[in-house]
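Here the protein sequences line up with chains A and B, keeping their order.
Be aware that the first sequence starts at 1, since it is given in the numbering used here, and climbs by one per residue.
Be aware that the second sequence starts at 116, since it is given in the numbering used here, and climbs by one per residue.
Don't read these hints as lab results, they were simulated from the structure.
In this text, all values refer to a predicted model and were calculated from it rather than measured experimentally.
Just so you know, even glycine gets a beta-carbon here, dropped at the ideal spot from N, CA and C.
Misleading hints may appear alongside valid ones.
[As the list claims (entries may be wrong)] Label-pair restraints from in silico Cβ distances:
#: 1; chain 1: B; residue 1: Pro123; chain 2: A; residue 2: Thr20; range: 17 to 27 Å
#: 2; chain 1: A; residue 1: Gly9; chain 2: B; residue 2: Asp174; range: 15 to 25 Å
#: 3; chain 1: B; residue 1: Lys172; chain 2: A; residue 2: Val82; range: 38 to 48 Å
#: 4; chain 1: A; residue 1: Gly78; chain 2: B; residue 2: Thr201; range: 32 to 42 Å
#: 5; chain 1: A; residue 1: Ala53; chain 2: B; residue 2: Ala117; range: 25 to 35 Å
#: 6; chain 1: A; residue 1: Arg67; chain 2: B; residue 2: Asp174; range: 44 to 54 Å
#: 7; chain 1: A; residue 1: Ser85; chain 2: B; residue 2: Asn141; range: 26 to 36 Å
#: 8; chain 1: B; residue 1: Asn166; chain 2: A; residue 2: Val82; range: 36 to 46 Å
#: 9; chain 1: A; residue 1: Pro40; chain 2: B; residue 2: Val169; range: 33 to 43 Å
[Claimed, not checked] 30 Å max Cα-Cα, derived DSS-like pairs, lysine-lysine:
#: 10; chain 1: B; residue 1: Lys172; chain 2: A; residue 2: Lys93
#: 11; chain 1: A; residue 1: Lys56; chain 2: A; residue 2: Lys93
#: 12; chain 1: B; residue 1: Lys186; chain 2: B; residue 2: Lys132
#: 13; chain 1: B; residue 1: Lys172; chain 2: A; residue 2: Lys49
#: 14; chain 1: B; residue 1: Lys180; chain 2: A; residue 2: Lys93
#: 15; chain 1: A; residue 1: Lys93; chain 2: B; residue 2: Lys184
#: 16; chain 1: B; residue 1: Lys180; chain 2: A; residue 2: Lys68
#: 17; chain 1: B; residue 1: Lys172; chain 2: A; residue 2: Lys52
#: 18; chain 1: A; residue 1: Lys60; chain 2: B; residue 2: Lys215
#: 19; chain 1: A; residue 1: Lys93; chain 2: B; residue 2: Lys186
[As the list claims (entries may be wrong)] Which stretches of chain A does chain B cover? Using the computed rule of at least three CB atoms under 8 Å from a CB of chain B, they are:
#: 20; region: 41–47
#: 21; region: 102–111
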Amino acid sequence: GNSVTQMEGPVTLSEEAFLTINCTYTATGYPSLFWYVQYPGEGLQLLLKATKADDKGSNKGFEATYRKETTSFHLEKGSVQVSDSAVYFCAKKGGVRSGNTPLVFGKGTRLSVIA
Amino acid sequence: EAQVTQNPRYLITVTGKKLTVTCSQNMNHEYMSWYRQDPGLGLRQIYYSMNVEVTDKGDVPEGYKVSRKEKRNFPLILESPSPNQTSLYFCASSGGTNEKLFFGSGTQLSVL
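Chain A on its own, in the form it takes in the complex (with noise of 0.2 Å):
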């Protein structure tokens, strides 16, 4: 399989609230991931990545870490802000055998954060 999966939204959440949205993929090596973040009306931009197992990306306060034996790659932020609303989503790039791969999203989850 070459799949991304997110958990489905939309998700609401009050300010300083904490934040996990679910990212497992399928592939049959190690591939690169990805979260990426679109803000309304823009165009989706790279938030953080992970290149190997049990590596952890962070940026912004938002983490994420590499899980090889669970095939997973989960966001987190310990307290979310009203700038934080958005749709994230999930990739994922290469672990097929077939060889240089484009990148594959997820179906992206809308976060909703309120005062």
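Starting from the known structure of chain A, fit chain B onto it as the hints suggest.
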């Protein structure tokens, strides 16, 4: 400023009227790609290009054409648009082994 520029930002057209959405990047990137974004379906890749004169189909290429005559430009062509091509389209690019994708701001297309 490093960027991917798409035009137009919004487009309303009618069934069967050929249209082109332009995409240009100023980062000398080899890889460029087109995606469409639809509610509940996320991002789906239409076509991509690994370099000049090299293009490949993505997951949903039907009804679309692309060309890559120059490194910086990667236009998306709809020869005969249909209502099911109403969507939000994104162009993206990345350079060499750098896996970070840079996205344009999107083109909202409505086909009536």
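Of all the hints numbered above, which does this structure not satisfy? Sort the numbers upward. Hint check: 1, 6 and 16 fail, others pass.
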